[in-house]
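Chemist: Chain by chain, the residues run as shown.
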Amino acid sequence: MGGVLALTYAGFCLLALCQDRHWTAATGRKPVKRPSRLEPVLAALLILGGLTLSLYRDGIILGLILWITVLTASALAVTFTLSWRPTWLRPFAQLSKWCQRVLSD
Amino acid sequence: MTPFKASMLWLHTWFGVALGALLFAIFWTGSLSVFYKEIDRWMMPMTRLQLPASVSLDAMRPAADALAHGANAPHWKVYLPTTKEPVHNVIYPSNTDSATLFPEAPGSIMARRFLDPNTGAPLEDPGTLAGDFLYSFHFKLALRRFPVGYYPVALAGMAMLALIVSGTLVHGRIIANFFLFRRQKKARASLDLHNAVGILGLPFHFLITLTGIIFFYNLHYPLPLSIPYGEEAGGYNREAIAAYARPEAGIPAEPASLDKMAAEAARIWGRPVGTVRVYHPGDQNAYALMMPRDDSAVSDIRDSLFFDVPSGELLYNQVAKPALATERFIVGLHLIHFRHWPVRWLYFLLGLSGCVLIATGFLYWLESRRKRHTALGLRGVRFVEGLTVGSTTGVIIATLAFLIANRLLPSTMPVRAAAEVGWFYFGWLAAYAHAWLRPGSAWYEQAKTIAVLAVAAVVLNATTTGDHLLRTIARGDWAVAGVDMMLLVSAGIAAVSAKVLSRRQVAKVPQVG
Amino acid sequence: MPNPAPDHLQRPWAIAVRVLSAAVGSYYVSSGLAALGAVILVAATGMERSEAVMVNVLAAFLTYLILAMWAFCERRLLVVNTTIWLGAIATHALAIFLVSLSGVTT
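Chains as they are written, first to last, in the working numbering: chain R, 1 to 105; chain C, 1001 to 1513; chain G, 2001 to 2106.
Next up, chain R with everything else stripped away, as it sits in the complex:
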């Protein structure tokens, strides 16, 4: 479950950072205006990766149940992180900036 939790948590962090308000909270800076299409895709991959791991380890039924409940837990965890310690999301912002740089090359 730890793996599923970590993957979905990371995915939701990236998604959260797509919104200006959370990006500002995490990095302390206004986001540079750019149409970001990479982050949601990456986030979706992470979240679906969590699903795959869950299905692999626990089978279809239990795997689905585990994944759906973990989704709520990790989304809430991201919400609470943003509320209490928004700077913890900074590494994900870094990752996002790095991906942008790599893509624009």
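Honestly, the hints are just simulated from the structure, not real lab data.
Don't be surprised by glycine CBs; every beta carbon is placed ideally from N, CA and C.
Be aware that one or more of the hints could be misleading.
[Unchecked claim] Covered stretches of chain C (in silico footprint by chain R; criterion: 3 or more residues with CB under 8 angstroms from a CB of chain R, positions within the stretch not fixed):
id : segment
1  : 1176-1184
2  : 1193-1201
3  : 1347-1361
4  : 1364-1378
[What the hints assert, rightly or not] Distance condition first, Cα-Cα at most 20 angstroms in a straight line; then the derived EDC-like pairs of lysine to aspartate or glutamate:
id : chain 1 : residue 1 : chain 2 : residue 2
5  : C       : K1321     : G       : E2051
6  : R       : K97       : R       : D20
7  : C       : K1185     : R       : D20
8  : C       : K1321     : C       : D1303
9  : C       : K1260     : C       : E1313
10 : C       : K1499     : C       : E1445
11 : C       : K1005     : G       : E2051
12 : C       : K1005     : G       : E2048
13 : C       : K1260     : C       : D1303
14 : C       : K1084     : C       : D1294
15 : C       : K1084     : C       : D1116
16 : C       : K1321     : G       : E2048
17 : C       : K1321     : C       : D1300
[Stated by the list, open to error] Derived, one-sided and incomplete: chain G residues facing chain C with beta-carbon distance under 8 angstroms:
id : residue
18 : F2061
19 : R2075
20 : L2078
21 : A2095
22 : S2100
Chain R is fixed; fit chains C and G onto it per the hints.
Modeler: Frame of chain R, contents of chains C and G only:
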């Protein structure tokens, strides 16, 4: 705002205020029910035993027969020992036990006794309903004599579904506010948290409520179950559930080996026997209904094998048909009997998040109306504030009163189990009274009370049973250790909340007298 | 004033009537629809009776929910009451009538 949205908002607000107290209690007892067997071990120290390597049905049968004959019961049922409940759990229809205040009509309630897993001998009467009280409160308000408790719970459940749908429909900015929790902004904090828990937990809240209601479909939809069968009464039960039954012969007969029958059953299913119910014990027409252990699949499987007790011969194999199997799966999603600790803990935490959902709903209602009601001299806020405190911290105090009474009441008391339940309701009523009498400081004082009571419960467990936390961890008794640890964690949370609340109290708007 | 109630939910007796129609009336409509649906399903597809009943009962929980919520949204009280209470009686009556026609055999 469109009329549709206005209607949805009205519905959400008023269903919420009217039923929030009951719904909180249902979510609270439901969350606790995930661990009701662990709570059982805490409240019934004589059952904190080691599970033996093998268990014999034949060893326990005489004691079970004796219990049934003593109560004139037509059948008895045993839940075979498991790691979570390492004793034989025998229930049988009786008309009195330590939870009934007056003798009831025969067969109207179920009495319960535990038997030693090794010898089959009866253990000392625990004199408590233990976790079963909290569990049965969850779905039928713990009303044993008359089955009326199921209906308010189901209605509240339907209202909860309406609350979830209406809440989602009136939520303005689901995507924009997806991860938003502005806890510093007093005006937005409770609404943000309410929305976050509600939206992010939407699949859980909706499904747990829906599956919970579907659970008792036979109680709630008697007409569709009977009309299609025309004149034939009990037609649905006959076709779908198709259980075997036969009357008593009135002639005594020696039973064959139940262990042999259980082995045969296990061979047929490929999984071990979980429960055995013996009808007409000691009679020539005695028959045993065996069901498999239910901790290895999501579905709440009720496939049964019926054996003739005097001869050991297999009489009937009952397997669920597809539609019934679907319903059993739906029920299984709610009960989560299967062994999967992460999912069980997640259900527990998500259940508690349901409690948070209801509490923050109340808080938002209060905050958004406080100024206006105070200015106009209205009593609404004052009443709902007392209702909020009593139904949230109040029911928690009630639970702790129940646990502490369990440790303090003498075991020789005649209606001990009823007395414990009495302490639960007394604690709850006291909390409501306190909340209405001392509105300004109710939250703070009840949070402090919870912290003190929770620690007291842990101390009492140690002093009355000798099983303090270090000892239970050392011998791997995670049930008792777990309950003690959760009590300590709750005390911690309550203490921190009290501290936060004491700081807020200074800034309260003066109440109308 | 935070969120004034919509027009059709202003007066206490109107609210009481809608609560009754939502809680009780909608329940009976869902129950009647399930009974009727089961009878029709068996007659039309030859599905096993208990199966048809179960499918319809599962659906009934949702029809109850939707109807109950509709009882609070629909502005015209007359429409709400006529649909729900007439519907409750009609669906049950039709189901019982159809069953008596076909002569249920075990």
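Chemist: Keeping to a limit of 20 angstroms between CA atoms, is the pair of C:K1321 and C:D1303 held or broken?
Modeler: holds (10 angstroms)
Chemist: Sort out whether C:E1313 lies within 20 angstroms of C:K1260, counting only the CA atoms.
Modeler: holds (10 angstroms)
Chemist: At a Cβ distance under 8 angstroms, does chain R reach at least three residues of the segment 1347-1361 of chain C?
Modeler: Three-residue rule met by the segment 1347-1361 of chain C, so holds; n is 4.
Chemist: Given G:L2078 as an interface hint, is its Cβ closer than 8 angstroms to any Cβ of chain C?
Modeler: Violated: closest Cβ of chain C sits about 17 angstroms from G:L2078, beyond 8 angstroms.
Chemist: Does C:D1303 sit within 20 angstroms of C:K1260, going by the straight-line distance between their CA atoms?
Modeler: Holds. C:K1260 to C:D1303 sits at ~19 angstroms (cutoff 20 angstroms).
Chemist: Given the hinted pair R:K97 and R:D20, is their Cα-Cα distance within 20 angstroms?
Modeler: Satisfied, since the Cα-Cα distance of roughly 14 angstroms is no more than 20 angstroms.
Chemist: Take the C-alpha atoms of C:K1005 and G:E2048, compute the straight-line distance between them, and say whether it is at most 20 angstroms.
Modeler: Violated - the C-alpha atoms of G:E2048 and C:K1005 are around 42 angstroms apart, more than 20 angstroms.
Chemist: For the segment 1193-1201 of chain C, do three or more residues have a beta carbon lying closer than 8 angstroms to a beta carbon of chain R?
Modeler: holds (count 4)
Chemist: Under 8 angstroms, Cβ to Cβ, is where G:A2095 needs to be relative to chain C, so tell me if that hint holds or is violated.
Modeler: This hint holds: G:A2095 lies near chain C, its Cβ roughly 5 angstroms from the closest one there, short of 8 angstroms.
Chemist: Has the segment 1364-1378 of chain C got at least three residues whose CB is nearer than 8 angstroms to a CB belonging to chain R?
Modeler: This one is violated; 0 residues, fewer than the three required, reach chain R with a Cβ under 8 angstroms.
Chemist: Would you mind confirming whether the straight-line C-alpha gap from C:K1499 to C:E1445 stays at or under 20 angstroms?
Modeler: Within the cut-off at roughly 10 angstroms; holds.
Chemist: C:K1005 and G:E2051: Cα distance at most 20 angstroms?
Modeler: Roughly 38 angstroms between the alpha carbons, so the hint for C:K1005 and G:E2051 is violated.
The structure does not agree with the numbered hints 4, 11, 12, 20 stated previously, though it agrees with the rest.
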